[in-house]
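Could you build all of it, start to finish, from the sequences and the hints given here?
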Amino acid sequence: MDIFETPLPGVGVRYEFTAEGGDHVGVVVRRDGKRDLAFYDREDPDACRGTVELSEGDSGKLADLLGGTNIIARLEDLRHTIVGLAIEWVTMPAAGGLVGRSLAEGRIRTETSASVVAVIRGDQGIPGIEPSFIFEPGDVVLVLGSDEAVDRAAAILTG
Amino acid sequence: MIAATAPVTGLRVAVEGAHGDIALVFIELGIIFLVLALLGRLAGRIGIPSIPLYLLAGLVMGEGGFIPIRAGEEFLSIGAQIGVVLLLLLLGLEYSPDDLRVGMQTTWKAGILDLVLNATPGFAVGLMMGWSVTASVLLAGVTYISSSGIIARLLDDFDRLANRETPVILSLLVMEDIAMALFLPILAVMLVGATLLQGAVAAAIAIAIVAVAFLFAMRFSRQLSTAVHSHSRELLLLSVLGLAFLVAGLAEAVQVSAAVGAFLLGLTLSGNVADQLRGLMPPLRDVFAGIFFVFFGIGIDPRDLGPVALPALGLAAVTLVTKVITGVWAARRVGIGPKGQWRTGLSLVPRGEFSIVIAGLGVAGGAQPLLGPFAAAYVLILAVAGSVLMRYADQIPHPLKAAAARSRPRPAV
Chain A
1 MDIFETPLPG VGVRYEFTAE GGDHVGVVVR RDGKRDLAFY DREDPDACRG TVELSEGDSG
61 KLADLLGGTN IIARLEDLRH TIVGLAIEWV TMPAAGGLVG RSLAEGRIRT ETSASVVAVI
121 RGDQGIPGIE PSFIFEPGDV VLVLGSDEAV DRAAAILTG
Chain B
1 MIAATAPVTG LRVAVEGAHG DIALVFIELG IIFLVLALLG RLAGRIGIPS IPLYLLAGLV
61 MGEGGFIPIR AGEEFLSIGA QIGVVLLLLL LGLEYSPDDL RVGMQTTWKA GILDLVLNAT
121 PGFAVGLMMG WSVTASVLLA GVTYISSSGI IARLLDDFDR LANRETPVIL SLLVMEDIAM
181 ALFLPILAVM LVGATLLQGA VAAAIAIAIV AVAFLFAMRF SRQLSTAVHS HSRELLLLSV
241 LGLAFLVAGL AEAVQVSAAV GAFLLGLTLS GNVADQLRGL MPPLRDVFAG IFFVFFGIGI
301 DPRDLGPVAL PALGLAAVTL VTKVITGVWA ARRVGIGPKG QWRTGLSLVP RGEFSIVIAG
361 LGVAGGAQPL LGPFAAAYVL ILAVAGSVLM RYADQIPHPL KAAAARSRPR PAV
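Heads up: the protein sequence lines correspond to chains A and B, in order. Okay, so the first sequence: first residue is 1 according to the working numbering, each after it adds one. Okay, so the second sequence: first residue is 1 according to the working numbering, each after it adds one.
No wet-lab data here; the hints were simulated from the structure. Mixed in with the good hints there might be a few duds.
Example chain B residues on the side facing chain A (calculated, C-beta under 8 Å, incomplete) [stated by the list, open to error]:
hint, residue
1, 94
2, 99
3, 159
4, 164
5, 170
6, 306
Covered by chain A, according to a simulated footprint, are these stretches of chain B (three or more residues, beta-carbon under 8 Å) [what the hints assert, rightly or not]:
hint, stretch
7, 171 to 184
8, 327 to 339
9, 368 to 381
Just so we're clear, the structure is a prediction, and the values are computed from it rather than from any experiment. We put the beta carbon where it would ideally sit given N, CA and C, even for glycine.
Following this line, the structure appears as structure tokens:
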């Protein structure tokens, strides 16, 4: 999806894109932080059928509703829905913990009985983590086990 | 600006002493401000800009009008000058250096067309009425420059900021404002009445000063903004007003015109400071700009409007059409559809504060006695007509054909 960016001198910046359904959606970000959400007219694609003015707080709420923290909320749910089984996403720190070291060195399986299932590095998901896998700062590590085991594994990973 | 009545004021002070005079000053100012407040409300109610009503208020006051203004004149005169400085300071604050760069790159062709189409009629009509070249050039400036104040506010009011044609409109306004910054120093030189050669040399020097100041402004933008910055709004306002008046005064002293000095200062201030000032200063500017419009009106004898009414109406009609042509052409170039082209054209029609600023310079410089009434009539017509046309742009049938190949305009400029 292409997002077009157009400067509006004296006002701010306008972003727009075409939704999959064919509708054009625009957002004007003003310099004072206010946003205008605009829906373009199908008959006259240069004009707006309607606009909504949003304060900075409103935009945050709208972003939440449209996505954003929604995903995190669902992950939270996931952790608590299955009794006796916890799933935790652990973000590796810049340094310390197991950063720069291998999975085998952490002895997570032996000491906590939790399993390291997968790692997300950048945009890439890496399933099937080998014992020789070296962690890097910013890796998001998916750990599976009992509540307690997962917490202890997270402690080992992040140091 | 009005030299004729100034001695009278001085005399009254001498005769009555400070006590009686100050009472009269306050009463007059009180009446003027209340009238402005009422008119501002009225303008909001009927959906037109307040500038034409302020001008009208000035016309019925003062010389030849129904309500004489005597004691407050001195304050109004200085207040009006402060209004010009603040108008230009905030205009500069509105734009970041990037805005200017982008505006110049994307719309310079349309900007040249704009200048040629809309300055020429003013210049020609000036010469036809037998005015001097200087006065005709001033009139060219009056017809050329659209009102970025009126247009930007109406675009927001009519929810058109997100429209695809809006960047075209805003970029053209930027171009005009830059052109004005270059134009004012040249005018200042012409008004002094130098010979052609002296004038050319002085104008070159003035423009060189502006250019150097501009480069300086861009280079030291951050340092100056940091130096001015303060968490106290009072201190920030004092620093910026102090700087603005100082720069305006120095600019005026070297004949670059106070307004341009303020504009450059506005451009220089950036980032956090500019954001704060944009929240802080508009009410102050609007009050003093109101004084400026009223004072401009006060200086005009309504009886002078008669002889200029017809030419002003004719010129307004012609430059209404030329602005529409400019807008349509500029919008078509970037692939805006016919309805959007029409909206662009009509949105450029309103003339306002800067036409009056240019005319005000000429009046102060004594270029042509009829320039004041002419510009007032012209702006009255086009500020009102322009905003009405802008509002109903979508309802007014347009003569533009849809280009067959462009059923779907390109998404961005």
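Quiz item: Against chain A, is residue 159 of chain B within 8 Å by beta-carbon distance?
Solution: Status holds, d = 5 Å.
Quiz item: Taking a Cβ-to-Cβ distance below 8 Å as contact, does the stretch 368 to 381 of chain B have at least three residues touching chain A?
Solution: violated (count 0)
Self-check item: Within 8 Å of chain A's CB atoms, at least three CB atoms from the stretch 327 to 339 of chain B: coverage verdict
Solution: Our answer is that it holds, as 3 residues pass the Cβ test (under 8 Å) against chain A, meeting three.
Self-check item: Status of the residue 306 of chain B interface restraint (C-beta, 8 Å, chain A)
Solution: Violated: closest Cβ of chain A sits about 38 Å from residue 306 of chain B, beyond 8 Å.
Quiz item: Taking a Cβ-to-Cβ distance below 8 Å as contact, does the stretch 171 to 184 of chain B have at least three residues touching chain A?
Solution: Answer holds; 3 residues pass the 8 Å Cβ test.
Self-check item: Interface hint outcome for residue 170 of chain B [beta carbon to chain A under 8 Å]
Solution: At about 5 Å, which falls below the 8 Å cut-off, the nearest Cβ of chain A leaves the hint on residue 170 of chain B intact, so it holds.
Quiz prompt | Supplied contact hint for residue 94 of chain B, tested at 8 Å Cβ to chain A | solution = 4 Å, holds
Practice problem: Please verify that hint: residue 99 of chain B, Cβ, nearest Cβ of chain A, below 8 Å or not. | Solution: Since chain A brings a Cβ to about 4 Å from residue 99 of chain B, closer than 8 Å, the hint holds.
Self-check item: Per-residue hint verdict: residue 164 of chain B, partner chain A, C-beta under 8 Å
Solution: 4 Å, holds
The structure fails hints 6, 9 (numbered hints given earlier, in ascending order).
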